[in-house]
Amino acid sequence: MGCSGSKKAAAEEVIKPPTTAEKTETASGKVPHAVSPHTLEALYTVNKHKLGEGAYGVVKDGQAKEDGEHVKKGQHVAIKFIDKAKLQPEDKAALHDEIIINQAMHHPSIVEMYDYFEDAKEMVIIMEACKGGGEFFCV
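Every letter in the sequence shown is one number past the one before it in numbering that gives the first Met the number 0, and letter 108, counting from 1, is 107.
One should not assume that every hint holds.
The calculated lysine-lysine pairs, modelled on DSSO-like cross-linking and capped at a C-alpha distance of 30 Å, are [said to hold, decoys possible]:
id, residue 1, residue 2
1, 85, 49
2, 64, 120
3, 47, 83
4, 71, 49
5, 85, 47
Hints listed in this document are in silico derivations from the structure and should not be mistaken for laboratory results.
Note that the structure is a prediction, hence the values are computed from the model and not measured.
Given only the sequences and the hints, what does the whole structure look like? Please build it.
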C-alpha cells in the first residue's frame with residue numbers, strides 16, 4: 000500500500016477489515032466500521048508531494064480516481080499513512096477510537112474523514128484537503 004515498497008506488491012495486497020484480535024485493541028471495544036473493501040490504489044492516486052511527517056507516519060497529497068460516497072472524481076484529498084509497527088498497543092487503541100469518532104463527525108468547521116484502509120502493516124486515512132496550504136495542521 001502506498002508510500003513504500005513495490006507498486007506491484009502494493010496493488011496485489013488486499014485491504015481486509017480488522018481481525019478479531021484487532022477489535023479488542025481499542026479502548027472502547029469498538030472497531031472503525033468503514034474499512035474500505037477496496038484497495039487504496041483502486042480509489043485514489045497518491046501524489047509524491049509530502050504535506051507533512053510525524054512520529055508515526057506521513058501525510059501525502061492525493062486525488063480521488065472516481066466518484067465515491069464522500070468524494071468526487073479528481074477531488075484533492077490528504078492521505079495519512081500510519082506505520083503500525085511504530086505504534087504502542089495503547090496508541091493503536093486510541094487511534095482506532097479517534098477514527099470511530101471522526102467517522103461520526105460531519106460539520107463545516109471540522110476536517111472531514113472520507114475513507115479508511117487498514118492492513119497488517121499500516122493504517123491509511125483519507126481526509127479532506129484543507130485549502131490555504133495548512134493540510135498538515137488540519138490532518
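A quick look at each hint next to the structure:
{"no.": "1", "hint": "85 <-> 49", "in the structure": "holds (19 Å)"}
{"no.": "2", "hint": "64 <-> 120", "in the structure": "holds (24 Å)"}
{"no.": "3", "hint": "47 <-> 83", "in the structure": "holds (21 Å)"}
{"no.": "4", "hint": "71 <-> 49", "in the structure": "holds (22 Å)"}
{"no.": "5", "hint": "85 <-> 47", "in the structure": "holds (22 Å)"}
In summary, the structure agrees with every hint in the numbered list given earlier.
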